[in-house]
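Peer 1: Here is how the chains run, residue by residue.
2 protein chains.
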Amino acid sequence: MQFRLVIHGGAGAIKKEKMTPEKEAAYRAALETALRAGCGVLSKGGAALDAVIASIKVMEDSPLFNAGKGAVFNHDGRNELDASLMDGRTLAAGAVTEITTLKNPIVGAHLVMTKSKHVMLAGKGADDFAAAQGAETVSPDYYRTEERWEELQKAKEKEEKEEKDGNKHTSLQLEEKFGTVGAVALDQRGNLAAGTSTGGLTNKRFGRIGDSPIIGAGTYADNESCAVSATGQGEMFIRAVAAHEVSALVKYKKLSVEQAAQVVLDKVHTLGGSGGLIVLDRDGHFTMPFNTDGMYRGTIGPDGKPETAIYR
Amino acid sequence: MQFRLVIHGGAGAIKKEKMTPEKEAAYRAALETALRAGCGVLSKGGAALDAVIASIKVMEDSPLFNAGKGAVFNHDGRNELDASLMDGRTLAAGAVTEITTLKNPIVGAHLVMTKSKHVMLAGKGADDFAAAQGAETVSPDYYRTEERWEELQKAKEKEEKEEKDGNKHTSLQLEEKFGTVGAVALDQRGNLAAGTSTGGLTNKRFGRIGDSPIIGAGTYADNESCAVSATGQGEMFIRAVAAHEVSALVKYKKLSVEQAAQVVLDKVHTLGGSGGLIVLDRDGHFTMPFNTDGMYRGTIGPDGKPETAIYR
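Same order as they appear, the protein sequences are chains A and B. Quick note on the numbering used here: the first sequence kicks off at 767 and runs consecutively. Quick note on the numbering used here: the second sequence kicks off at 767 and runs consecutively.
Do not take every clue at face value.
One copy or two, either will do: identical chains are not told apart, so a pair holds if it fits within one copy or between any two.
Simulated crosslink set (DSSO-like; lysine-lysine; CA at most 30 Å straight-line) [as the list claims (entries may be wrong)]: (1) K1033 to K789; (2) K781 to K881; (3) K1017 to K1033; (4) K883 to K922; (5) K1020 to K781; (6) K922 to K890; (7) K810 to K920; (8) K1017 to K927; (9) K1019 to K1033; (10) K869 to K930; (11) K930 to K1019; (12) K784 to K883; (13) K890 to K920.
In case anyone wonders, no lab produced these hints; they're calculated from the structure.
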């Protein structure tokens, strides 16, 4: 059976005119490294779940994406990370939210899936559980990059200005850049898996949880339909139960993955949201639609040649 | 248009032979009070969303149910409460998790829905946000009932014994009693809404989050299909994305609410889970299936006569 891996590194206001050749090359190289990592698992007959974890780990370790190292800062100047993972063969799932000490939140999600009877653990409890199960821990300053720190300062300045202008709840305003990473894979045994990892929103407050750690919203995988990972304004993806809605449209309305993903992205748009989706079915059909300026994305198959794209 | 309200007060090992007549009467009276509270809203032409909140508040305020006052204790001897709410007309949704100071977590969920741009807030941030928006706060000992405290002590004794016997991860074992409360309503304008509130699992650790605060898993409402609230072993309801799956089966496979709820409950059972669902569509058709010994449940319509049931 033909295997396939599809990844995203976030969607949003990614414009060619604002990108330097060096930065673009760095993103493409990081995406290729992530694709090769997952492909290495799949080409040897490994499981889709392990390929998803392998490729997401690469993106978490890269400072370029809003996941793991390079995660955005919350209002208090800290990093709080979310991740989720699902096995399409068994519908087993794991998720962690408000992680502050794990090098790889996706590994935390995997440990919740495999070593606990729970699906979702939060905060210190999630950190402690994963660490006790052997996950690699880091000090909170591991995640820090100067670019993200400056983004927080700018977001706070903007917020202060808007609050002075009498604009309430600006702290809860949604961003136009989403660096969430995700992967969907089909292995040689015909099994699907999906995973998503993020640092959430810059300047987020009040313990905000987005769609990335929510099974059904940001991540879903079912061998009977498809594997899905989402990125974008999480609130609208939660309200649309986006990942599971794609799966339901494929399973019950017999839509193609292209059709189903577009229907759901249009629904998210109707709700006022933007972002993107990656979807893969058991026949290896995949789609990577987005309704933003760009989405870091890529795919790899049996020929071992990574294909990446950023803009429309 | 005919209105309808359907509620549940949790499913589980509720056996007639273990119930005293006094206790049964108390549960029935509490369910009737909750039904009348919601009916009062609906009969005057009020919104389904407000009816759901009104009936859930009554059950949160009652010490009989595992929500609000009377919530179960976590491993640390504290109460952490979850709730979620969804408006089928707009797909607006709100959810709070790990609440420790709100008298009515469902009010917190409503404030997240209406006063923030977010859908889900967690922990202290959620408490602080809701309090700043005017939600009534209580000291943590407000939730305490002696029965729930004794349940925690028994659970810990059992856990210690099992750990001595070399049984690992017993702290993560799932319970057979679920006191989660929920409501679904159809108002005279033909709008649907759903809500769910819970104290989670006795002796829960590691910041475990169940299905109750997860839009799509424990709660879902869509005027184009139905309104759903779930109770049971939350992990399996998350993996099945149970509430949204019922909605998808009604919307895309054109199943009746009875058929859709049964299909999903069977799926949850296949995954190893037990519990129950309440589902209501725009024609006022409703169903209250469960695969446990009993489920506290009830319904009320235009005749204003509450109907309640507990056992099979």
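Peer 1: Go through the copies and call it for K1033 and K789: within, between, both or neither, with a Cα cutoff of 30 Å.
Peer 2: neither (32 Å within a copy, 47 Å between copies)
Peer 1: Using 30 Å as the alpha carbon limit, work out where K922 and K890 are close: within a copy, between copies, both or neither.
Peer 2: This pair counts as both: shortest intra-copy Cα distance 26 Å, inter-copy 21 Å.
Peer 1: Regarding K1017 and K1033, is the shortest C-alpha distance of 30 Å or less found within a copy, between copies, in both, or in neither?
Peer 2: Result: close both inside a copy and across copies, 18 Å intra and 15 Å inter.
Peer 1: Have a look at K784 and K883 and pick one of within, between, both or neither, based on CA distance no larger than 30 Å.
Peer 2: between (46 Å within a copy, 28 Å between copies)
Peer 1: Between copies, within a copy, both or neither: which fits K810 and K920 at Cα up to 30 Å?
Peer 2: Neither. Shortest intra-copy (46 Å) and inter-copy (49 Å) distances fail the 30 Å Cα cut-off.
Peer 1: Taking 30 Å as the upper bound on the Cα-Cα distance, should K930 and K1019 be classified as within, between, both, or neither?
Peer 2: neither (50 Å within a copy, 52 Å between copies)
Peer 1: Is it within a copy, between copies, both, or neither that the alpha carbon of K890 lies no farther than 30 Å from that of K920?
Peer 2: both (28 Å within a copy, 25 Å between copies)
Peer 1: If the cut is 30 Å between Cα atoms, do K781 and K881 qualify within a copy, between copies, both or neither?
Peer 2: Classified as neither: same-chain Cα gap 42 Å, cross-chain 32 Å, threshold 30 Å.
Peer 1: Is it within, between, both or neither when you check K1017 against K927 at 30 Å Cα-Cα?
Peer 2: neither (48 Å within a copy, 45 Å between copies)
Peer 1: Check K883 against K922 for me: Cα-Cα at most 30 Å, and say if that holds within a copy, between copies, both or neither.
Peer 2: between (40 Å within a copy, 17 Å between copies)
Peer 1: Please work out whether the CA atoms of K1019 and K1033 approach to 30 Å or closer within one copy, between two copies, in both situations, or in neither?
Peer 2: For K1019 and K1033, the Cα distance is within 30 Å both inside one copy (16 Å) and across copies (19 Å).
Peer 1: How would you classify K869 and K930 at a CA-CA limit of 30 Å: within, between, both, or neither?
Peer 2: Neither, since 38 Å and 33 Å both go past 30 Å.
Checked against the numbered hints listed earlier, the structure breaks hints 1, 2, 5, 7, 8, 10 and 11; every other hint is satisfied.
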